[in-house]
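Novice: Both chains are given apart, each in its own frame, so use the hints to dock them into the complex.
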Amino acid sequence: MSELKEELKAKIIEQLNLEDVSVEEIADDDALFGDGLGLDSIDALELIVMLDKDYGIRLSDPKEGRKIFESVQVMADYIEANRTK
Amino acid sequence: MTNKFHIKSYSHIKSQTVSVNGNVIFKGDDADFPNFIKSAYKYLETSYSKFFKMDNLSKLAFLAADVLLKQESLSEEENNIALIFSNKASSLDTDRKHQKSIENQDEYFPSPAVFVYTLPNICLGEISIKHKLYSENSFFIFDRFNAEHLYLYANNLLQNNKAEKVLCGWVDFDENSYEAFLYLVENKGEIVHNTEEINRLYNLL
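Line order of the protein sequences matches chains A and B. Heads up, the first sequence is in this note's numbering, so the first residue is 592 and it goes up one at a time. Heads up, the second sequence is in this note's numbering, so the first residue is 340 and it goes up one at a time.
Hint data in this document are derived by calculation from the structure and do not stem from the laboratory. The model shown is predicted, which means the values in this text are computed figures rather than measured ones. Ideal Cβ placement from N, Cα and C applies to all residues, glycine included. Any given hint could be a false lead.
To be verified - DEER-style ranges, computed between Cβ atoms: (1) A:D626 <-> B:N515: 49 to 55 Å; (2) B:S516 <-> A:R674: 40 to 46 Å; (3) A:D643 <-> B:N515: 27 to 33 Å.
Stated by the list, open to error - Here chain B is said to cover these stretches of chain A; the calculated rule only asks that three of the stretch's residues, wherever they fall, bring their Cβ under 8 Å from a Cβ of chain B: (4) 607-621; (5) 665-674.
Chain B extracted, bound-state conformation (with noise of 0.2 Å):
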């Protein structure tokens, strides 16, 4: 298969670090995860009413996609740019959050608020929300980075005009833990999109 497509641009977050195409754009001091996330948030003037009503995965990915997405010439009303993510952790940490209001059948307030999040595709609905995104999406749980997987459904929607773009990649997050690396897929780009070239890019930083 001739590798048409590109690689154009891709992100990480982890480490106290965000980073877009290799290049460090805030550095954190604070090793709390919602701590950092909100001064990466200001520091890189995100502009979304909602985000501080997220848990902690969609907010991780919500910025490691909005670091990516802000830099595209997107259209006020529609972007056909599907979202392919992945991780390990699923939702477990919004869960465990969830599961601690219900077990006490005595204190028993579950918060709307919480269990809205117990899913971890919601975060595909933020972005979407966000960056007028009507298109594909999916998201993948696996034991690891599985970069053919998302190798081959990004090539699959592309070749088959499902989507202009894709966004493709892994954000994962548990108990403080947590790592993100977003990038997008379209026709230009410098980089040929191929296994090898994700996972040098996944291991990048």
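Extracted from the complex, chain A is given alone in its bound form (with noise of 0.2 Å):
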């Protein structure tokens, strides 16, 4: 699990483009939307993809993220019971 939740903050990192933004800044526990990492609805989105493309978790309803994507901790949780890939 603590594999997963170091390789979902560098694939974050890296595919929302967080510039000056480690590994290290983001706690487990910390709010990805809002005062947190400030992301936004395209961020969203692009984790949505994401999900889809490296862990092989299709959400049909785009709102179900707005949970799932609540930290690194909340979606390390739900990748580790949903994954096929």
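Specialist: Structure below.
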């Protein structure tokens, strides 16, 4: 699980082009949206594509992302429970 | 027609160099555009949280506009500065990236962050958000730099009080080949606003 969380942090930084943010700076429970990393709606769509592409998880309702993308910890828990690859 | 309007300032970004009014303000040493524009952004102390999410064309246009608009005493509420931009390659560089992500049915993962930049005028939105421009904007595609069209359009907007100032020019990006030339037209300024002067400034660097 710890490995998956580190992997997710690195992917979030790379795929969402978070300049000047390092893996060490993202805590497992940091909010990804709002006051946390400040991600926006396009970032949310990008994370939905990442779930599908890298972990074989297809969200039928984009609104599901709101809860799944709360933090790296919540994302990792969801991926562990639902991944198909 | 009398030339009552003037070119107040102008910027160029090309050949790893950023210049304002003909004076070089940043010279990069990296031929790769993403590295060059990132160095320029940081050196020029530009501040816009979404900059690194933009595509190459928007980064080019944004920085060329920012070095001019940061010299203006802009309102934090709203500014009536129209934008008239043009280029040759449209958003082709980003269009190709998007095309690559959808050409294989077995690996069909289009990126939303890439897709939103598959129009050239998106760069106008980025500039408008940063500088609070709730004004006219247009993006034209031409085979070559078209000073006459830009001149007529800018004059029309100013004469009809549709804008207080107009930021015009050319921002072209395709496969690491890039060139930006923007100029600000308003009542005051040293340089007369006409096609000869626009072409002279375009060819200056």
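Novice: All hints, please: hold or fail.
Specialist: Hints and how they fare:
1. Roughly 37 Å separates the CB atoms of A:D626 and B:N515, a value that falls outside the hinted 49 to 55 Å.
2. Remark: the range hint 40 to 46 Å for B:S516 to A:R674 is upheld by a beta-carbon distance near 42 Å.
3. Taking the beta carbon of each, A:D643 and B:N515 are about 31 Å apart, inside 27 to 33 Å as hinted.
4. Only residues whose C-beta sits within less than 8 Å of a C-beta in chain B count toward coverage, and the segment 607-621 of chain A has 4 of them, enough to reach three; the restraint holds.
5. Check on the segment 665-674 of chain A: 0 of its residues sit with their Cβ under 8 Å from a Cβ of chain B, so the three-residue criterion for coverage is violated.
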